[in-house]
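S.K.: Protein chains in written order, with the numbering used here: chain Z, 307 to 592; chain P, 101 to 497.
Calculated from the structure, these hints are not laboratory results.
From a predicted model like this one, the values you see are computed outputs, not experimental measurements.
Using N, Cα and C, we set each Cβ at its ideal position, and we do this for glycine too.
Treat the hints with care, since some could be wrong.
[Stated by the list, open to error] Footprint (simulated), chain P over chain Z, 3 or more residues, beta carbon under 8 Å: (1) 497 to 504; (2) 507 to 515.
[To be verified] A short, non-exhaustive set of chain P residues, derived as facing chain Z with CB atoms under 7 Å: (3) Thr141; (4) Ala145; (5) Ile146; (6) Glu151; (7) Met494.
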Amino acid sequence: MPSKPALREGTAFTGSTKYVLDSELAQIVNVSMALEMPLLLKGEPGTGKTMLAHAIAEALGMQLIVLNVKSSMKLVESLYQYDTLTRLNDSRFGDSTRDVSNIEDYIKMGKIGQAFAADERVVLLIDEIDKADTDFQDDMLDVLDQMEFDIIEIDKRIRARNRPVIVITSNAKKDLSDPFLGRCNFHHIAFPDEEMMGRIVRVHFPDVAQDLLDSAVDAFYRLREIRGVEKKPATRELINWVRALRADPDFKPKKLQKGEIPYLGVLFKKSPDYAVAQNSVRRFRI
Amino acid sequence: MFIEFFFTLKRLGIPVTPTAFLKLQQALSMGLIRTIDDFYTAARAILVKSERWFDLYDQVFAHHFEGAELQEPSERELEEIARAMLEEWLKSPEELARALGMDEEELAGMSPEELIDYFLERLKDQTEAHHGGNRWIGTRGTSPVGHSGYHPGGMRVGGVSRNKSAVKVAMDRRYRDYSQEGPLTQAQIGEALKRLRNMVPAGPMDQINVDKTIYETMRNAGEIEIVFDRSLKDRLKVILAIDNGGWSMDPYIEVVQTLFNYARAQFKDLRTFFFHNTIYDVLWEDPPRRSKPFRVSEMPRLDPETRVVIVGDASMAPYELMATDGSIHYEERSGRPSYERLQLIAETFPHAVWLNPKMPDEWRYTRTIQIIQEIFPMFELTLDGLEAAVTHMMSRN
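Chain P extracted, bound-state conformation (with noise of 0.2 Å):
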């Protein structure tokens, strides 16, 4: 039953298994949907694993059950459409054949009248084994008979509504919210950094050591001796980068702030630094880049663990990545291009990563970009490129 509308899900890109599937026809054979209200709720809880396909749910299920509310047809609507199929199967056999499942060859030998007690017997067949299934009555487009065409309104009547139908809610598309597929907004990000971790034992003794309690008791033979150690707590370093300067990041201040604000929340051992298109001689402290300087040469002395995220567009003139006086910053020139400088953060630092809001799709039309992703392994700053990127921040211990 309703393999249809499973396989549209499928098409459309839901990811829907046939044993979530499976368990939906268990549900049906229990009874526990008698509505197409209870279908439209119990179907999406089975199989839809995900708020964000929600909004595409609903839009299959509007389209696929629009005017097909789960009725039992009656025997006189039950002889119409098999009169409409008699039309149908008059117009085009093959046609009509192929939909059903019959042999074409069987039923050209039969009388009209032979042929609507044919079909009833196959609509009753359909009814009482599918509970009003709608495979394929009453749907439009999917069959060749339906209520479009020869019964309007057809197996609309009544059911079980509240307030409204379950087309109807589908209709509503209330999660349209919840389907979009593009970058970071809000409150997404601590989930990715949380991964970043780096435990050491550190604070106070606490915290039992079972086995060299043991170990300890047996060599005092028997008198007990506990053992404690400093619980693991996370001693991470972390440098975040951003690129503040610029229309071209305007678009972006939000996401990135956002990711900023986390980061703070998350990690003990935070430096912040800003700069504008590309790093040259100097970071900056201060977001407005004037009064704290941070000279890149000094970078070498900090910690090497340090995990490093770099914030940017990476777009720029190459100019500015590639010439020995590239910065639009005259003070910042001082014979070094950009690129050795970025090399030079790239060695002294192996656990550092590039987010790029700039969506990958767009990478390869920007020549900087090419450029820093062969320096900087570069992740989009969206959740799974942030996970990916934190993943690659972790791997190479």
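Only chain Z is shown next, with the shape it has when bound in the complex (with noise of 0.2 Å):
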């Protein structure tokens, strides 16, 4: 449903002006918040994992803080990062107003850092944990646990202010650590059924005419049972699709229910998948 930012009970998540949300997963957002626990999310790519943080941090009316979590990254970085280069410079030409001989003006907040020294309760948004390896993401929680690290350079320990809203997607079909997941909420999203994807594309375009909606849903998933494509289309395409389709004014909605599909390349991205579904378009006129 597509509500208005709106606050229930304070400090309760139900929803975003972007996001439609089920209210099985507002209850889990809930939870998770009253609990205090991070909340993990897996799902096919474009079921809105990561949507579901902006949405929360509109609806909540609170700062998000992403962390992009990538292969080669190391804890500390997402922790922060003493910026060594910068002091040997400043200590070199000493045109800055830093002071060098405080190593703490050199300290960077990663996002993490960022999150817990945050004045106000933030949503820290932890995207794509299963890039990282798996002794990451175990320190990270420990991290994340105990809600404060230390900076060695300086010993100064890093406690957060207010315990932030976190929110960890991963994409992996294979299962994180034990103690990783034993220390988060966990929710898988579903791909969207139809009614449901309808209301998604309704949120993006408030104005699409009802029979383009209906048949443009329709041969979506339609499209997205043709067999032998790598990556199928996903929420994402779709709204670019509708997007494309509202943008011709040659189109007409009749035009999909007869098989006609224009602009396959918006939903199919790989040149392999593109001529798949070309094909399969042409021949069983789907």
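Both chains are sitting in their own frames, so use the hints and assemble them into the complex.
M.R.: Shown next, in the form of structure tokens:
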């Protein structure tokens, strides 16, 4: 339901302007927030895992801090960085306002550090945790559990002023390590059904014509059935596709029902997939 | 509360932990869970940590809470239950006493009226402390008194529900697709293969080496001297040899294709070969195995650090593996048994593994699988097997 960013009972989460929330997920978000546990979200790409964190932040009026996990990332980078090079530079030229003898001036907070140091409660999104190795994941959970970490260089302990709302996403089909899972709440976002998808598209295009919406969503689910496609079109592709269809003055929703699918390239982005899709569209008129 | 539910989950193989269970209790005590729908979602989020178990959870939930909407029973209902308990008590005192954790001797002295009062007291305790907990009221099977026997429709009254009750939702078994434990289907392989890496410095010198920079700057008497390094890139060589012949591999074509696609996207330096059943004098670079042969005797000239992954069901007639002219293709017969060829490959490349799409419990029924297992470490072609294989290939450095 495209509800306004309303605050029910102060801090409960009910959905936001651009995010269609099912009541199940809303309940899970609220329980996780109350229990102060990170929420781990899994699901196919395009089911709105990342969007959820944006939506929570928007709905609760909190700042969102995003940590995009990379495979080469070390935990300490997400906590803080000691900018040795700037310090070296400053000590050489001495033309900055920083105090060279004070190492703290050269400590920059990483994303987790920022979330801890923030004056107000923030939403911390840790995106695609599965990219990092297991050690990173476990160590990070330690930090999030304790809500504190040490900056070794200046022997200072950073404690979270407010426990952030933590959302973690993972694309992986395989499970994360047991200790990691033990500290999170878990939800798997299934791919939305047609009705839900219709609502999602409507949130993005409130004035979309009903017949266009219906036939586009219908065709979209038929196209997802095509076998031998490596990357199936997801929500993002559908939204872009609807945008393209709306922009085309010659387009009539009837065409979709007859099996003419324009702008296949918006939906299928890999060239072998595109070829497969084009082939089956031509042959089966789906 | 819901201890029984917890243990049912555990008994059926869902890895639920006591810590998570305590978290659930915390959520309950915080008043976060008001309806059975809330309980369904919250308990799943807290207890069940993978979509693989969602289906099983749904089944347990539906079974356990069938007919037991969490609702405070009314006074009249309590009385009816108490009467039912009395009847139960008259039939088999010891069983009821055990189920309720009461002392049989203690109850034996009471009159029926006293007993009913006693039961009512207990029931009220139960409902107050448990907010309508289902521990022994209203569940079928687990308790001596239930709605199925004496109170049709029992606790099932009302309750806030959306369009469907949680039990109904659970009965839908929406997550059946995710519970498959079988072999890989799509899109899972990339994850496992990502671990297969060999980072070496390559490319332009664009990464600052801080330690060396500081050292060189000191040596330079404080004059800044910045030292750059090449960044680390993956330069792993991989050979993928696929058994693409014969009907015995047909059921696995899709899985192997997925593996192949991901491997191609993942590794810069990947060579793919094809063979039928087992390897003789040549491997083929073209899938029909006709035009581009690669002689196995050439293999020792390749980098021994190459990771070799052989995919095949390793199932064939034993002579194909052991006999000097074992190949079913006439032109491949050269007087050396395939067995020796495989050994040559295994000796040349210490990081070689054999992936078998057959599940390990079938392996011991096929003689040739056992023989090949002696030459190559064999793993099943599932996510777990693939990961074990990758670990194996990366460890013996």
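S.K.: If a hint holds in the structure, say so; if it doesn't, say that too.
M.R.: Hint-by-hint comparison with the structure:
1. 497 to 504: violated (count 0)
2. 507 to 515: With 0 residues close enough to chain P, the hint is violated.
3. Thr141: holds (5 Å)
4. Ala145: holds (4 Å)
5. Ile146: holds (6 Å)
6. Glu151: holds (4 Å)
7. Met494: P/Met494 check fails; min Cβ-Cβ to chain Z is 12 Å, beyond 7 Å.
Hint compliance for this structure: hints 1, 2, 7 are not met, and every other hint is.
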